[in-house]
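Undergrad: Start from chain A and add chain B according to the hints.
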Amino acid sequence: MTQIITPNGFTLDSSGKRIAIDPVTRIEGHLRIEVNVDSANVIRNAVSVGTMWRGLEPILKGRDPRDAWSFVQRICGVCTGVHALASVRSVEDALAIKIPANANTIRNIMHLALYVHDHLVHFYHLHALDWVDVVSALSASPKATSDLQQSLSPWPSASVGYFKDVQDRVKKLVGSGQLGPFRNGYWGHAAYKLPPEANLMAVAHYIEALNFQREIVKIQAVFGGKNPHPMWLVGGVPSAINIHGTGASGAPINVERLNLVADIADRAHTFISQVYIPDLLAIASFYREWFKYGGGLASKNLLCYGEFPTKANDDSNSSLQIPRGAILNGDLTKLHEVDLRDPSQIQEFIPHSWYNYTDAKAGLHPWDGQTELDFRLGEKTRKSGDKIEAFDEGGKYSYVKAPRWKGQAMETGPLARMVIAYASGNGRVKELVDSTLKKLDLPLSALFSTLGRTAARGLEGLWAAEQLKQEITTLQTAIKSGNEATANNEKWEPASWPREAKGVGYCEAPRGALGHWIRIKDEKIENYQCVVPTTWNASPRDAQGNIGAYEAALLGVPMANPAKPLEILRVIHSFDPCLACATHVIGPDGSELTVAKVL
Amino acid sequence: MPDNSTFYDVIRARGISRRDFLGFCTLTATYLGLGPGGAGTLAHAMQTKPRIPVLWLHGLECTCCSESFLRSGHPLAADIVMSMISLDYDDTIMAAAGDQAEAIIGDIIRDYRGAYILAVEGNIPLANDGMACIVGGRPFKHQFDEAAKHAKAIIAWGTCASSGCVQSAKPNPTRATPVHKLVNHVPVINVPGCPPIAEVMTSIISYILTYERMPELDNQLRPKMFYAQRVHDKCYRRAHFDAGQFVEHWDDDGARQGWCLYKMGCRGPTTYNACASIGWNENTSFPIRSGHGCIGCSEDGFWDRGPFYERLPGMHQWGVESNADKVAAVAATALGVAVATQLGATLVKRALHKPAPEPVVERREREPQK
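Those protein sequence lines, which keep their order, are chains A and B. Residue numbers are given in the working numbering: position 390 of the first sequence equals residue 390, and the series is strictly consecutive. Residue numbers are given in the working numbering: position 316 of the second sequence equals residue 915, and the series is strictly consecutive.
Only chain B is shown next, with the shape it has when bound in the complex:
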């Protein structure tokens, strides 16, 4: 039976104070970049809307997306699962198994036709009649097709569902295929990353619930709010890149001082994700902060752009003549550190007056689905 209690009703009934509820709205609104009044809008929405059923299906995957989701600190995973949405099917945590589990999908499609969200973790293997992933004795593709057909929207969690990820790296033995290539008529949101950041996942859900709309998407169906800027753009080590200060070897002086990892293969300059701004595990860190370059795990086809420790070619950050090698070479001359630092500052100023460089990687063209 459909339930009409609102998110607010539910959490109040569970002993969460109004003050805590409003605190949650403020924090979420800030993360979503909603600006002044955003928290109020969010609070209003959550007090007036019922919980939406979510079916969370698993294809070929490693469950890192579910694990990441459970790491969300604001809102807490327990609260989003038990209060914001009705997570009626997710084989990683659900109590039911076998027939009792499978029955739920049919029930939700019947009771909430066109009104539930389908979340997909992993992708769909097409080789061998789809038998590389069997659920309930049938190819996963059959379960996916049925659930997708009547969904209000589909969230493709992680790089597997968005673009294929590791099992679709060459030679893609199972013909693992991302969600958007198999769906017509239902809007798809890609939330790439291996896995995506926990708070990015939960923010996208709360955005849809609050504003009753899809987030604005780019040509790869990614929410612009989180995927429109490169890791490099927001990296706390960016100043060292501009100053020509690079880690040259693991554990060298530069590594110990947090210099730029570009020469160690960092994919930050071509990776569109929020790692450097929102951070991982409630902003505990992100790969660059922990001393390892970004491997570009949210980019389509990133597995086939290795070796990961080979530096990105052609980073013309300050014009066609100059690149990191030349800057470093200048820095290493007898002019000394002071001059190099000055040069770095000059380069920053020059960079500010140039249009943002195009990403090196080829971007797949695709119109957002309505």
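Okay, chain A solo, but in the shape it has when bound:
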């Protein structure tokens, strides 16, 4: 049987030519994509294979819950901090620890700085080369490029000489024969549509953004000491405030530190609004057909756990700036309530993942999750020597589990957040989305696409940059009114904890909905489970055959040349994959993990 209709409404046809892309580059971690194309080179079947597993959750068992953030933060160094934030929230939830208002604000500042950084780096360094032909920039007119730049924004690096300089640098690089990271790129591919001037402008901004991104994360370094992997604290933040008194100069946070943070936030906002957003709109206007391709689950099911509480210790939608909720079947008029504690809502399935459960067909809520590694390849797997040529999606084929919300496959990420905020009447988000669609002369439905996802990320980057400035003001206002508290020590000592406790920590990572579920017993971690954004998006099929967001988004996408899979990269990169996040895992009983040898 080569043609299947999935329960979630997608038609899969695996009769055509099979193509594998491994590694998918410009992502975090290791991902493989396989597709079947029909005679017109349109994708008719897609298989998302998470190809790494690190086993972090069994490592956490028996450790001090206050240390957990540092372990799980190492799940990902790109979206650094998100797992730490979810972790400290899970421990605080379990032990009923209340954090001071300033700690909430500082966490928001660190997290918003990550949004701004991560979205910017994704656009220029992980995604742009899918749309920008570096070699084509060589034939641009620097004068016309300068005119283009000045027509788009007041960004000062816009002179003819500047673009001539950039072009000369690219010329030398290409001429040297040593292209470095641009080696073997898809230059000259028929799917590249930008005029040479737009390519040259984008290449200039690729370099500028690479130089500027390191400034943004200094905000995390101020409060957390370093980036990647800043320091966090159960019960608050480690960075004590001393604005007025003796010793302020050696204190973590003083007036100079806050001035530095405010200055960086201003510059970040300028860069996002004068470079990132105009580039996004300019590029999008040349690729309008990509507002049709790559929608997949986006127009159906979206999930968001909510983020940026305005009030400390309050994760209700009255406190969250981006609301928690789910949209089903594309009905934007109804935001479904999402409860991370309800065992019937979030469940993970493993029939097509390299794990085993006591009941292999069951869906398990993370508090009761199990994971026994079971690396076993389907019987139709094709091999040649030590190399797997094609995985068998009829069997187990990924280290990523299949999480489902009330049985539904969901898409998560910036698009889900912006749409859910839009649907909930967030005024600023509505303004950003509507004005962008108007500029591009597109309907709201255009958001549910490859470029819709990319545009939503950019708009969220701008929203986050604005909000970052606002949160800094909030912190200064609190200090002005005499509140300098940053940590609550009441339940710091393990002797003050109940003998058993369980908690959940939510976080909207740049890539989407992240949850950590912890069980604590006798002052130690008894079980720890993470369900992360890329687990939702890169999910393999579930027991019913529902496909996940990546697989769904690839269907129907036409390829100009299947040997050069630029279109697949566009679709997959629009999700900003993070595979180290997706493939952690979990031995709830701490038993030794055993595997079946198959190869």
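One or more hints might be untrue.
Stated by the list, open to error - Computed cross-link-like contacts, DSSO-like style, restricted to lysine-lysine with a CA-CA straight-line distance of at most 27 Å: (1) A/K98 to A/K469; (2) A/K521 to B/K833; (3) A/K98 to B/K862; (4) A/K383 to B/K748; (5) A/K292 to A/K334; (6) A/K524 to B/K769; (7) A/K61 to A/K502; (8) A/K521 to B/K769; (9) A/K502 to B/K769; (10) A/K61 to B/K862; (11) B/K862 to A/K524; (12) A/K98 to A/K521.
Said to hold, decoys possible - According to the in silico footprint, chain A covers these stretches of chain B (three or more CB under 8 Å from chain A): (13) 673–685; (14) 699–705; (15) 709–716.
As the list claims (entries may be wrong) - With beta-carbon atoms standing in for the labels, derived distance ranges: (16) B/Y835 to A/N561: 55 to 61 Å; (17) B/G705 to A/P195: 34 to 40 Å; (18) A/K171 to B/D744: 46 to 52 Å; (19) A/H244 to B/E909: 48 to 54 Å; (20) A/I243 to B/H749: 54 to 60 Å; (21) B/H848 to A/I243: 18 to 24 Å; (22) B/P906 to A/D38: 56 to 62 Å; (23) B/E847 to A/H244: 19 to 25 Å.
If you're looking for bench data, these hints aren't it; they were derived computationally from the structure. Computed from a predicted structure; not experimentally measured. Heads up, the beta-carbon is just placed ideally off N, CA and C, and yes, glycines get one too.
TA: Structure of chain B alone, referenced to chain A:
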């Protein structure tokens, strides 16, 4: 085709002035501690040597090392990637994917046999035939073995590649194994840290290119220039340790005045790294400056030495009878602050006449590879 243009040619051709180039050499030479004339030597080298190909492979990791590398301010990551080296394979930033990406490794091994640098981020899982990390349809170990065999040298970025890091913490479910345990005949430089400091990473590359030699390594294969001293040795809060002034609770008066974090579990006294001297994010801060103790992320096996908030045992900094508790106890007596301060000063003087204490942690013995 091998390229013979030099670093200097390339950056000049890209519109960077000679003045900026020499400024870069001076700054780098200072960071490397090259002394008088160092900048001149560096400048000469960069004007006469071609760019070396670098393959940067990723095993089991979190990509924090790549992210850190991109934060380098001097030199800028863009300049080192596009001008100092030829970063022909790095799956985090490379344009090519799939077959086009994989082909590059074979091409570099063929064209630059014994002449390219292999940089490894993450480590190699051995359990289950190495199938916990699959690249190009094969175990990562196969890709790693091929690239390692013909490399001129291997740089093991970060604690993952140097000693195992978080996925090799107990019970190490994937048998994640650091680079140096799998390589024989090719020199390995360990650059630990989770991640390493950006400018430490770029300084090591520029040192190798400039002096055409490996940096001097300690018995754990770490460059002595950055890893021979403890965070504690260079910490700006060290005077508070010596004076017996400690943070006792989060956000207490000591925390607000930047006192020593030893009692909050700081691993600075047993951690060999340059955080307190070079600093993070262009010296914006380092963990202690931001109010949290060091967790020792550059030390072999640090994950299994928690809880991180439990203070290090047996810090006999001033002789076998005295420790931080006793000093603090003295400080808390009716003798008053002035006396305590005086005591602190005396202790500093005494400490100066004693040999440096041995680190508490056990050091793994290993001869540097030639």
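Undergrad: All hints are to be evaluated individually against the structure, with a verdict given for each.
TA: Structure-based check of each hint:
no. : hint                         : verdict
1   : A/K98 to A/K469              : holds (25 Å)
2   : A/K521 to B/K833             : violated (39 Å)
3   : A/K98 to B/K862              : holds (23 Å)
4   : A/K383 to B/K748             : holds (25 Å)
5   : A/K292 to A/K334             : holds (24 Å)
6   : A/K524 to B/K769             : holds (15 Å)
7   : A/K61 to A/K502              : holds (14 Å)
8   : A/K521 to B/K769             : holds (19 Å)
9   : A/K502 to B/K769             : holds (23 Å)
10  : A/K61 to B/K862              : holds (25 Å)
11  : B/K862 to A/K524             : holds (21 Å)
12  : A/K98 to A/K521              : holds (20 Å)
13  : 673–685                      : holds (count 7)
14  : 699–705                      : holds (count 5)
15  : 709–716                      : violated (count 0)
16  : B/Y835 to A/N561: 55 to 61 Å : holds (58 Å)
17  : B/G705 to A/P195: 34 to 40 Å : holds (35 Å)
18  : A/K171 to B/D744: 46 to 52 Å : violated (38 Å)
19  : A/H244 to B/E909: 48 to 54 Å : violated (33 Å)
20  : A/I243 to B/H749: 54 to 60 Å : holds (58 Å)
21  : B/H848 to A/I243: 18 to 24 Å : holds (20 Å)
22  : B/P906 to A/D38: 56 to 62 Å  : holds (57 Å)
23  : B/E847 to A/H244: 19 to 25 Å : holds (22 Å)
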